[in-house]
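> We have chain A already, so just place chain B on it with the hints.
There are 2 protein chains.
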Amino acid sequence: MTESARLFRQRLDEVAAAAESTLDGLLSPRPLAGEVERPARLLEAMRYAALGGGKRLRPFLVVESARLFDVEGVGVLRAAAALEMVHCYSLVHDDLPAMDDDDLRRGRPTAHKAFDEATAILAGDGLLTYAFDVLADEATHADPRVRADLVLGLARGAGLGGMVGGQALDLEAETSRDPHTPAAVMTLQAMKTGALLLYAVEAGARLGEAKPAERAALTAYGRALGACFQVADDILDAEGDEAALGKRAGKDAGRNKATLVAALGLEAARERRDTLAIEAIEALAPFGARAQVLAEAARFTAARRS
Amino acid sequence: MTESARLFRQRLDEVAAAAESTLDGLLSPRPLAGEVERPARLLEAMRYAALGGGKRLRPFLVVESARLFDVEGVGVLRAAAALEMVHCYSLVHDDLPAMDDDDLRRGRPTAHKAFDEATAILAGDGLLTYAFDVLADEATHADPRVRADLVLGLARGAGLGGMVGGQALDLEAETSRDPHTPAAVMTLQAMKTGALLLYAVEAGARLGEAKPAERAALTAYGRALGACFQVADDILDAEGDEAALGKRAGKDAGRNKATLVAALGLEAARERRDTLAIEAIEALAPFGARAQVLAEAARFTAARRS
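Order-wise, the sequence lines are chains A and B.
When we follow the working numbering, the leftmost residue of the first sequence carries the number 17, and every step to the right adds one.
When we follow the working numbering, the leftmost residue of the second sequence carries the number 17, and every step to the right adds one.
Because the hints were derived from the structure by calculation, they are not lab data.
Treat the hints loosely; a few may be bogus.
Estimated spans, in silico, between C-beta atoms of each pair [unchecked claim]:
{"id": "1", "chain 1": "A", "residue 1": "291", "chain 2": "B", "residue 2": "44", "range": "29 to 39 Å"}
{"id": "2", "chain 1": "A", "residue 1": "47", "chain 2": "B", "residue 2": "71", "range": "27 to 37 Å"}
{"id": "3", "chain 1": "B", "residue 1": "192", "chain 2": "A", "residue 2": "86", "range": "51 to 61 Å"}
Which chain A residues face chain B? A few, computed with CB under 8 Å, are given here [unchecked claim]:
{"id": "4", "residue": "55"}
{"id": "5", "residue": "112"}
{"id": "6", "residue": "135"}
{"id": "7", "residue": "142"}
{"id": "8", "residue": "144"}
{"id": "9", "residue": "148"}
{"id": "10", "residue": "161"}
{"id": "11", "residue": "167"}
{"id": "12", "residue": "168"}
{"id": "13", "residue": "175"}
{"id": "14", "residue": "177"}
{"id": "15", "residue": "181"}
{"id": "16", "residue": "183"}
Partner residues are not named here, just some residues of chain B that face chain A (Cβ under 8 Å, in silico) [as the list claims (entries may be wrong)]:
{"id": "17", "residue": "137"}
{"id": "18", "residue": "142"}
{"id": "19", "residue": "152"}
{"id": "20", "residue": "164"}
{"id": "21", "residue": "176"}
{"id": "22", "residue": "203"}
Here the structure is a predicted model, which means the values were calculated and not measured.
Cβ atoms here follow ideal geometry from the backbone N, Cα and C, with glycine treated the same way.
The shape of chain A in the complex, shown without the other chains (with noise of 0.2 Å):
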């Protein structure tokens, strides 16, 4: 391992903990201001999805990000957080029986399978609510107008022109019988699961109040990053067994998913990850010795194993 792929695995871990610890916190019993009280049995399905498991790849990237400008604390942890909570939120709707029909997230029952489906619901709705509460408030960052832009920019990476449009399409391709196109595809995937990566550096850049270059730059980084780590993913799942991955593997070759692998066959997908690995590290190019961290997590977005 190189001496910079074991400092991009020690921050890795470094913002994993303290994106726990700042969930943790959040997730707490405790009412804030405005609040009636916190039903416990919400509050509990919330952390079982927010809480415990995953790289944290997201909140990495808002880190990181903000690094790039010294800006580092518990406002950069909040945004942080709130992303990773829509992330979460994500993934237990997208669990969720009438949707992908998933028993196991991370080796775990999934959040329907752990409590029920009204609070699966439920709790991915608390989590996306709760995103906003974060960042809107001023411990994020002093000046309102940064959480403003950190609000306008989550809600339209997150919504109908981003994630869940990327949700809801990637639903009508499995429906369909053609086979995708790869630009299908690769809207799809910039929607789905682009749009937050994306998010996560711009977010970092807001909370660094990049100047506009540089902002440039990291969304040059964030969208190659962002169809990087997909197609890796539809490789994985393509190769991958279900014990490495944790969740039912191949089932979305016997779906007619939406994925990259299906739209260009297994050897240019790959081609195309690396590719893409390439574009990403090249993007970072103006910030020098200071991005070898982001630059590191792209050869690790495209080299890994589950």
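Relative to chain A, chain B alone:
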């Protein structure tokens, strides 16, 4: 009908038309900056859920509260539309088979019947997310502090300590065999329906940059109005007939729903409804005759028959 009741009806109709037109414009197929595209079927489901129905009481309360401070126009209507999106999303999710399992809403098939369950879940998610987009956009208010406050208030009223939490408590109450105490029912209702009605008048106060005493008066009004609205709803359901309500009536009693009619009896519930309407009207005293339309809204809430 009194002059003031006539004025109320006229304003209610005017705001409903303006809210409809604002929602129609926001739910356009044209993607905003930062959105990739707006998938047609998802957008159609969001429009189905948000357009063409309801009295638009929440938008009315936003608009009339802001009008106390001589603030009106596009920004106020956008905030009103954002709140209505949250209300509509909550109806879509509440109607799902795993929740209240309703086939009819406002005399039309519910969203999951008109589309499908997955699309209904996503349409709800999309509406909730879009509400925060609308509030955070500078088209709603020039001052980012007001925008961030509008977001924070809505998130808190709609989230786990407000509406979503109230819905969770309601589902729990239904599976319990014990009778529900009046206090528990009131807490539940303050969360499930009260929090958004309270937010409506507080949003008006925020948009109008109300002074603390004015804000407090509106808060007292909003709290009493919200409680009055829900007990009136419980009474209507107990008395109601299916045709007038456009949804299955009498189902609350059959399911050990936590209602004030069940907790207090019909007569005591009616008294409570009327007392709350008077409390709401009295809270408006500092505004004098300027608040006659809001006072009429409280009378209407207590007297409504559907």
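> Are the hints correct? Go through all of them and say.
Okay, the hints, checked on the actual structure:
Look at residue 291(A) against residue 44(B): about 36 Å separates their beta carbons, and that is inside 29 to 39 Å. In this structure the supplied range 27 to 37 Å holds for residue 47(A) paired with residue 71(B), their Cβ-Cβ distance being about 30 Å. At about 54 Å, the CB distance of residue 192(B) to residue 86(A) agrees with the hint of 51 to 61 Å. Checking residue 55(A) against chain B: minimum C-beta separation of about 5 Å stays under 8 Å; hint holds.
This hint holds: residue 112(A) has a C-beta 7 Å from the nearest C-beta of chain B, less than the 8 Å allowed. Against a cut-off of 8 Å between C-beta atoms, the interface hint on residue 135(A) holds, since the closest Cβ of chain B lies about 7 Å away. Checking residue 142(A) against chain B by beta carbon gives a least distance of about 4 Å; that is within 8 Å, so the hint holds. Because the smallest distance between the Cβ of residue 144(A) and any Cβ of chain B comes to about 6 Å, under 8 Å, the interface hint for this residue holds.
The interface hint given for residue 148(A) is met, as the beta carbon of that residue sits about 4 Å from the closest beta carbon of chain B, less than 8 Å. Taking 8 Å as the C-beta cut-off, the interface hint given for residue 161(A) holds, the closest approach to chain B being about 4 Å. Residue-level restraint check for residue 167(A) holds (minimum Cβ-Cβ distance to chain B is 4 Å; threshold 8 Å). Among the interface hints, the one on residue 168(A) holds; its C-beta lies about 4 Å from the nearest C-beta in chain B, closer than the 8 Å criterion.
Proximity of residue 175(A) to chain B holds as hinted, the smallest CB-CB distance being about 4 Å (cut-off 8 Å). Of the supplied interface hints, the one on residue 177(A) holds, with its beta-carbon coming within about 2 Å of a beta-carbon of chain B, less than 8 Å. Interface hint at residue 181(A): satisfied, since its Cβ lies 5 Å from the closest Cβ of chain B, which is below the 8 Å cut-off. The interface hint given for residue 183(A) is met, as the beta carbon of that residue sits about 6 Å from the closest beta carbon of chain B, less than 8 Å.
At about 6 Å, the closest approach between the beta carbon of residue 137(B) and any beta carbon in chain A falls short of 8 Å, and the interface hint on this residue holds. The beta carbon of residue 142(B) comes within 4 Å of a beta carbon in chain A, closer than 8 Å, and the hint placing it at the interface holds. Taking 8 Å as the C-beta cut-off, the interface hint given for residue 152(B) holds, the closest approach to chain A being about 4 Å. A hinted interface residue such as residue 164(B) counts as satisfied when its beta carbon comes closer than 8 Å to some beta carbon of chain A; here the least separation is about 4 Å, so the hint holds.
Residue-level restraint check for residue 176(B) holds (minimum Cβ-Cβ distance to chain A is 4 Å; threshold 8 Å). At a threshold of 8 Å, the smallest CB-CB gap from residue 203(B) to chain A is about 6 Å, leaving the interface hint in force.
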